[in-house]
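Following the hints, complete the assembly by docking chain B onto the known chain A.
Protein chains: 2
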Amino acid sequence: MSTLPHAVTVVEVGPRDGLQNEAARISTPDKIAFVNRLSLGGLHEIEVSAFVSPKWIPQLDDAGEVFAGITRQPGVRYSALVPNMHGLERAIGAGVTNIAIFLAASETFSQRNTNRSIDASFDVYREVASAALGAGLRVRGYLSTAFGCPFEGDVPFDRVVTLTRRILDLGAFEVAVSDTIGVAHPGQVTSMLPRLLEAIPPERVALHFHDTRGMALANVLAALECGIATFDASAGGLGGCPYAPRATGNLATEDLVYMLNGLGIDTGVQLDAVSDAALALVPHLGHALPSRYTQARPAP
Amino acid sequence: MSTLPHAVTVVEVGPRDGLQNEAARISTPDKIAFVNRLSLGGLHEIEVSAFVSPKWIPQLDDAGEVFAGITRQPGVRYSALVPNMHGLERAIGAGVTNIAIFLAASETFSQRNTNRSIDASFDVYREVASAALGAGLRVRGYLSTAFGCPFEGDVPFDRVVTLTRRILDLGAFEVAVSDTIGVAHPGQVTSMLPRLLEAIPPERVALHFHDTRGMALANVLAALECGIATFDASAGGLGGCPYAPRATGNLATEDLVYMLNGLGIDTGVQLDAVSDAALALVPHLGHALPSRYTQARPAP
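Taken in sequence, the protein lines are chains A and B.
Residue numbers for the first sequence follow the working numbering, beginning at 72 and rising by one.
Residue numbers for the second sequence follow the working numbering, beginning at 72 and rising by one.
Simulated from the structure, these hints should not be mistaken for lab results.
All residues carry an ideal CB built from backbone N, CA and C; glycine is no exception.
It is possible that part of the hints are untrue.
Computed beta-carbon distance windows for the label pairs [said to hold, decoys possible]:
#, chain 1, residue 1, chain 2, residue 2, range
1, B, Ala359, A, Gly140, 36 to 46 Å
2, B, Glu274, A, Arg96, 47 to 57 Å
3, B, Gly357, A, Arg183, 57 to 67 Å
4, B, Leu268, A, Pro369, 29 to 39 Å
5, A, Pro227, B, Arg236, 24 to 34 Å
6, A, Trp127, B, Pro272, 55 to 65 Å
7, A, Gly164, B, Ala94, 49 to 59 Å
8, B, Gly357, A, Gln182, 21 to 31 Å
9, B, Asn332, A, Arg183, 26 to 36 Å
10, A, Lys126, B, Gly146, 54 to 64 Å
Next comes chain A alone, as it looks inside the complex (with noise of 0.2 Å):
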């Protein structure tokens, strides 16, 4: 394990993909403390929210409100996801400075998540881009269902290759190639990586897995032997994916950290500090969560 990088980015979406796939409604006072807790707990790069319509995502539909309450940290990059030019617009107006877009490699996964198609998507995110760009905003892309759909299966990997390339060439610094349905598996990180490390340079990539079948840390530990320093996790494993049947929980924040921490991998963040924010919600969303550091760890 020579090869494992120094330090790991860790993109916190806890607050946006977290929380829009939870059915309790946190109200927008604890949804700003949330995040001034991540903040406050070394995350660098925090996913607040979403500009998108409230029939859609009703949880995020005060993301405005929460923008105007947190308080920013020096040194932490807040973002929002915006679907269309009206997001956009809704964003910068409430003083965003990062925003994500978000494609799918799967076109009956596009279709149905967004209604639009994969080529419809960038034409959209083509005007998106280049006016967040023109004003000065960085912009991350999603490749969701990098790893399989689960309407169509399989997903081609050359097209995962070319739709990541594409994503970039819209001016993203970065995309999260996501395993949006948790299938992926550490023998398909380790025959896709290298295929598309050879297209796109490891500092362009990150990975975003989900945990329903388990797999989501063995494939970080597959990833980070390819050479990729950023993946994106959420507090107290919060949320996963409404539009996927049966998709279950993100990879919790704290469990990566666990992890990353064993193999002398520098991240910045406070372990229990991610940990405790996220308790800080449990009275209000009706379940335990899903991390099982947090789980594990001691009663107070």
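Just chain B now, kept in the frame of chain A:
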């Protein structure tokens, strides 16, 4: 990952290590059916029960009846845990031909778990192993708390090497080096195993991980890369260790096999047959199975 083994032996410990930690009483016929389903699912090493005091593990007080009731498949080894000579005699009386003995790497854990010191356990097991080998039985060893102790914390690594060697010297064909409380992480596995393997050939080392902090599969991946090819797992993720505070969950056999399948490593195990075997117990357990693979299976 060119150094990964081509095949892995999965040692199924669900009927013993799994069930002993389940609060609900499982009937003898249900246990027999469970073992039979596992053996038909391609598992060739099954730890069926334990010949210990019923006061110690009430769930396993029917070990003799279970052994009498199972349908033995050719090529499948059915084993039982024994704590002392009396247990060995009961096991031999029940026609058992494979036993497991268990020692701890932590003095405090040994005292609390078995009410005797590590050295006293070796004294007992020297006689047990000698008698077992003399009677033509196979002996497998466990070394518990090898990655950390709930009472003592860190366990010196040299002690793990020394004790593994001592267990093999009793006549055991292999030692399952065990993370009883699920604290091991891949960094520890990667730093520890090469040192252990300087002293002991890899084919005499198995690893027994608990998924308490979600690290089990990442640990397996790290161990595979070190050349280990035998892993313990529990169908459905049943069980844990009742003596370790807050320890939960053996590694689920299904989750392990899903990952190994993805890595192209042969196990001979039929994934859904194992999942079905564990699912058949759910009406009696009072809780869902921890296995992430089984949780993610489509409803029938």
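Here is what the structure says about each hint:
no.	hint	verdict
1	B:Ala359 - A:Gly140: 36 to 46 Å	holds (37 Å)
2	B:Glu274 - A:Arg96: 47 to 57 Å	holds (56 Å)
3	B:Gly357 - A:Arg183: 57 to 67 Å	violated (37 Å)
4	B:Leu268 - A:Pro369: 29 to 39 Å	holds (34 Å)
5	A:Pro227 - B:Arg236: 24 to 34 Å	violated (50 Å)
6	A:Trp127 - B:Pro272: 55 to 65 Å	holds (58 Å)
7	A:Gly164 - B:Ala94: 49 to 59 Å	holds (55 Å)
8	B:Gly357 - A:Gln182: 21 to 31 Å	violated (42 Å)
9	B:Asn332 - A:Arg183: 26 to 36 Å	holds (28 Å)
10	A:Lys126 - B:Gly146: 54 to 64 Å	holds (59 Å)
Checked against the numbered hints listed earlier, the structure breaks hints 3, 5, 8; every other hint is satisfied.
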